[in-house]
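K.L.:
One letter stands for each residue in the lines below.
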Amino acid sequence: MERLQGKYILITGASQGLGRALALDFARQQAAGISMVARNAAKLEETARQVRGISPITEILTIVADLSQAQDIERVAGLTLSAFQGRLDVLVNNASILGPAPMPMLIDYPLKAFREVLETNLIAPYLLIQKILPAMMERGGSIINVTSDAGSTGYPGWGAYGISKFGLEGMSQTWAAELEGTGIRVNWVDPGNMNTPMHRAAEPDEDPSSWADPAEVTEVFIYLASEESRNVSGKRFQAQES
Amino acid sequence: MMNAPFTFELPPGLCAGEPPEQRGIPRDQIRLLVAHRDSDQVEHSRLNRLDNFLRPGDLLVFNSSRTLPASLQGCAAPAGPCMEARLAEHLPDDAWLALLLCQNGDPAGCGLQAGMKIGFGMELEAVVEGRDDFIPRLWKLRFSKSGTELIDLLYRIGRPIRYEHVSTPWNLDAYQTIFAREPGSAEMPSAARGFSWRLLFDLKRRGIERTCITLHAGLSVYSDEPDDWTHPGSEEEFLVSELAAQEIQRTRAAGGRIVAVGTTVVRALESAVDSAGDLRPGHRYTRLRIDSGHALRVVDSLITGFHEPKASHLDLLTAFLPAEKIQRVYQEAVQARYLWHEFGDLNLIL
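Quick mapping for you: the protein sequence lines, in order, are chains A and B.
Count along the first sequence starting at 1, add 41, and that's the number in the working numbering.
Count along the second sequence starting at 1, add 10, and that's the number in the working numbering.
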């Protein structure tokens, strides 16, 4: 039996990078349904095409949305729960934005951009969790928030992005504490250095060849999405050996 | 024609025009007027003290239907009248029933007719197929899109249905309960709106459990007095899961009370019970009308909002209490200045 059989999953930021890799590997584990969210319709459709090629039995929903907009978050929740008849087992809050590139120092950071980063990287996951929790109340579920090394260590120049990930880790701990005993588990994963468009934009002077391919870091996400982790909550995971 | 079981004067100041949070009150601290079925006692409390009135082993049953942005603005093609379409029900044949309200003058007087094509923007159109057989104020519409594609467009161009007593066009979030799952309700299942997670956790610690059913609520008001008086049994889609049915049966077998949170829950559960009194899980449609002649077979108690004078929901209350007694409860609610409507206070009939 595949590890995600029968599971209905929502992944944000699914058009490229880690989000796409997760969608593909979740399909390989025969997830019952995957709802994929991103801003870029063409790239999202490409992810959907690849998922269909892997698992024809997986129900696929693509939603073009800007998660910095609160009304889009309600639309994402409503559409997903409509397509999956009110069921959702796994939420992966993966979407995030870097902010201006090259990344300004905090003292130079434009307030508007700072707010935009927090809206997408911190407030959107908070709201999305709020909105999908009712679907997990009876049967339990797994919420996986994607963090970063910059969410536990302050690095110069990582500005709003790092702060948003610090916030995401704190928020994940609080959700996990509040949901203890409900069957809804909350964990967060630092995928480590990955060769993704976002990381290349963040560190344009670095050589990405030593960074992992996103497809190499999905195992911990499959574990957290599956019943194998049903008693695991409130923990930080690192997808790669440090 | 059926008559409302009683009527009363509702002072305009008692219509809640905004969510409690906007009035500076946490959602779970709205007022709760408690009426007892076995005595004339009436008590005044707040929702977050609900545990004072329930017992360990009781089961609260909520409606998990999510509110749709069911109000659309459209104009008949090519240059016909413009109107508001309030979606009421999604029919098994994938058509929708809707109330069409002309924008200028008489809300029904702009030449609405079968065959009319209405454009709503973003390439969404609907053909008017004719009037509903049961509720003639409703029209049957067939949209140019269906499934999640249609729901997506409703989210993009629709707004929550807003009645005159609501002061501001609040966004859709204001019309969702903490139980909201699959979208399908034209109007919020509002009795559950006051519940917070904190309150649920407190109740659970005291042995008061919860479960959910789904009934996609239609319209409560057709803006047409004769229809609103008679309110013939509109058809509504509902789902009682295997899990919910088991929890309800287990609670009843153990002597616990089934407390329906909202009239929609009463309707779903009483529709799902068979002649032997067993609750049958499943996904069905109901036209059940509940009034004083209906012997409740599943539900023991009800938490509901305060209903308008002459509203059909008052009929449903008479299945729990005699009309004279409800009238006295409502008189007391008016005197004590409880708030009416979807953002208002609650009434527990125990």
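Worth double-checking, as some hints may not be accurate.
As the list claims (entries may be wrong) - What follows is a list of derived Cβ distance ranges for each label pair:
| no. | chain 1 | residue 1 | chain 2 | residue 2 | range |
| --- | --- | --- | --- | --- | --- |
| 1 | A | 46 | B | 154 | 44 to 50 Å |
| 2 | B | 286 | A | 93 | 42 to 48 Å |
| 3 | B | 133 | A | 221 | 43 to 49 Å |
| 4 | B | 22 | A | 198 | 54 to 60 Å |
Claimed, not checked - A few chain A residues that face chain B, going by a derived Cβ cut-off under 7 Å, partial list only:
| no. | residue |
| --- | --- |
| 5 | 97 |
| 6 | 101 |
| 7 | 115 |
| 8 | 119 |
| 9 | 123 |
| 10 | 175 |
Derived from the structure by calculation, the hints contain no laboratory data.
Quick reminder that beta carbons are idealized off the backbone N, C-alpha and C, glycines included.
K.L.:
Any of the earlier hints contradicted here, and which numbers?
P.N.:
Result: hints 1, 5, 6 break, sorted rising.
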